[in-house]
Amino acid sequence: METFLQLVITGILVGSIYALVALGWTIIYKCSGVLNLAMGELTLLGAYVCLAFYTWGFPFPVALLATLIVGFVLGLLTERLFLRRMIGQPILAVIMITAGLSFFFRAVVGFIWGTDTRVFTPPVFPTEPVRLGKMVMGQVYIWSFLAALVLLLVFVGFFQYSRWGLSMQAAADDEMAALSLGVSVKRVYALAWAIAFMAAGVGGTLLGNINGLNISVGYLGILVLPAVVLGGLNSVPGAIVGGITIGILQNLSGGYLEQLTPGGVKDIAPFVFMVIIMLFRPYGLWGWEKIERV
Amino acid sequence: MYLPSGVYHETYRADHAWWQATFVRAKMAFLVLLLIVGLPLAGNYALSVANIIGYTILSAFGVQLLIGYSGQLTLGHAAFIAVGGYATAIGMLQYGLPYPVSMALGAILAGLWSVLFGLPSARVKGFYLIMTTMAAQFVTVDFIITQYVSRVSGREQSFSLPPGTITVGPWVIDTELKVYYLMIALVTLCTMGMANLLRTRVGRAWIAIRDNDIAAEMMGVNVVRYKLMAFFVAGVLGGLAGSFWISSLYVVSPDHFQFSWSVWLVGVILIGGVGSLHGVIFGSIFVTVLLEALKFAVIPLSDAYPALSTGFLYIKEGVFGLAIVVFLLYEPRGLAYRWQQLKNYFNLWPFAY
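Quick note, the sequences are listed as chains U and C, same order. According to my numbering, the first sequence is numbered sequentially starting from 698. According to my numbering, the second sequence is numbered sequentially starting from 1458.
So that you can see chain U by itself, here it is in the shape it has in the complex:
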């Protein structure tokens, strides 16, 4: 029982980071209909930028803030240079342009920072573990969870209450109506990419704090796909719930199924789960149901 609880709680804590990245993915899809395969590379970029600022001696919150600003600018640039020309192109073209960007971004990161695993030195969060009853967990997990939670709240609040957030919701709901009411849909697209870059950057930084930072942190970008499929692609609460569920599921399968097989279950369990969801409920938890029979 303790193992179970421990696994579930670790899953929730890690899952909150997945939720943050999944939120970024969903924002892009919801606002502009782009299915983004470059999410993992966005997390890599953000994480390494933050690491660079931190090793130059900035305190961590300042470094994180700087990462957010860099992410914002990069997001605007990416949208303006590449994605804006792809509006109205077939789905394969749009997906492959993000795949091309993912090759490019990963190459940039790999070329500048190399393949070695890097850690935040000195550690950002205290290293001594916290005891909750019989469970033990690293403080870094708890702090990451809190940071992810705060950012999730900020983003959700932004959508619900700010003028720009509302215009994003309007554009996602009905582009034509939003245009005729004076919403600048171009700005909405740009903003969506900027937010995705920021969310991914913070997600990557937090994950890099937990496991150390190397190029495989980019795997996070593929891992969010099961999360968004579970949530239903275009639902923000769905992405958050999906991310946390995938985190729990990954930890549980790592904890229980790993003994039955030679290994590697933890990495592929989310995908098996995703295939099962798609067979029975392709529109996920709260996605728009589009029925098309062939």
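No lab work stands behind these hints, which were simulated from the structure alone. Among these hints, one or two may not hold up.
Unchecked claim - Below, a list of computed lysine to any residue pairs in the SDA-like style, where the Cα atoms sit at most 25 Å apart:
(1) C/K1582 x U/L732
(2) U/K831 x U/F842
(3) C/K1582 x C/V1681
(4) U/K963 x C/W1718
(5) U/K963 x C/Q1715
(6) U/K727 x U/I912
(7) U/K727 x U/K963
(8) C/K1773 x U/K831
(9) U/K963 x C/D1712
(10) C/K1752 x U/I912
(11) U/K883 x C/K1752
(12) U/K727 x U/L774
(13) C/K1773 x U/V805
Just so you know, these numbers come straight off a predicted model, no measurement behind them.
Once you've looked at the hints, dock chain C against the given chain U.
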């Protein structure tokens, strides 16, 4: 079908001939001469590049069939290539089968494996199908092959193929030149097979499904059956590619069949042109030669900037990514379209209006 003036057929035989004009016959004779005699004279380096091109062509055929001809988006083709490669290696090493036999078995096994992961295509399409095929990639290569198949009879990570394992009849495939001739034979066979298959009932049905699946269903095409058939043929082609590729390797390991290779193949057909067999060949040649040329561009600079040679792998990936992006933005129909335009220009010259 355009024919130059002065060419007219008097028999059905001539009308159905593969090559109908003298110019085309001369062109094909030149191509055959170049491939059989010319390239082998160019030395081992050129041959090794040609082999990589051939492997890319063979691998990309399946992707072209699925994406370009039946409209089934896939991002997991490396899984089927891996199944073909591993099945061939196991057939030869564990059961002592001859190479051609285990190649055929590997291809069929890869086809069946592909059908298994094509089953969801009966229910989902577009982005969801991409997710399913990605799942196929991770489940097959990163789990089943890495964790189970690689450990068959006490191996740790990879299969080593001692030199002389791979023989076709009395010939031992052990030099670049022999691999090259094997490659030429396979590529010719697959190209002709594909080109003819696409003209049959099956090929037309795939194209109908690609253009509009509901309309195809209305016209009496059994959509699910033909989709699964497309997955089967694509898997067989992938399996052939995999079992060809192990002939030029000393070890087979899961690293050869990673997710990035799947994305790479889709990039190749995008650069070459979606929905065109010329596109597969042009794309493979363009990408491989571009990346080899990059090597020659980097070598003189690497004395001044050593970082260039240590990070060369990343430069390669970055250039490939940029190439995809640039082609999608500026030449979305790929090299095959440009080739067609070029031919038209010369056909119509000097009255291009």
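Satisfaction of hint between C/D1712 and U/K963, Cα-Cα up to 25 Å
19 Å, holds
Check the hint pairing C/K1752 with U/I912 against an upper bound of 25 Å on the C-alpha distance.
With Cα atoms ~23 Å apart, C/K1752 and U/I912 stay inside 25 Å; holds.
For the pair we were handed, C/K1582 and U/L732, check the Cα-Cα distance against 25 Å.
Measuring from Cα to Cα gives roughly 14 Å; hence the hint holds.
Given pair status - U/V805, C/K1773, alpha carbons within 25 Å:
11 Å, holds
Holds or violated: U/K883 to C/K1752, with C-alpha atoms at most 25 Å apart
Violated: U/K883 and C/K1752 sit about 40 Å apart, past 25 Å.
Restraint status (C-alpha distance of U/K727 to U/L774 at most 25 Å):
20 Å, holds
Between U/K727 and U/K963, does the CA-CA distance stay at or below 25 Å?
29 Å, violated
Next pair to validate is U/K963 with C/W1718; report whether the Cα-Cα distance is within 25 Å.
22 Å, holds
If you draw a straight line from the CA of U/K831 to the CA of U/F842, is it 25 Å or shorter?
Holds. U/K831 to U/F842 sits at ~20 Å (cutoff 25 Å).
Pairwise hint evaluation, U/I912 against U/K727, where the allowed Cα distance is 25 Å at most:
Violated, because 28 Å separates the two Cα atoms, which is more than 25 Å.
Take the C-alpha atoms of U/K963 and C/Q1715, compute the straight-line distance between them, and say whether it is at most 25 Å.
Measuring from Cα to Cα gives roughly 18 Å; hence the hint holds.
Tell me if the straight-line CA distance from C/K1773 to U/K831 falls inside 25 Å.
50 Å, violated
Of the numbered hints stated above, those contradicted by the structure are hints 6, 7, 8 and 11, listed in ascending order.
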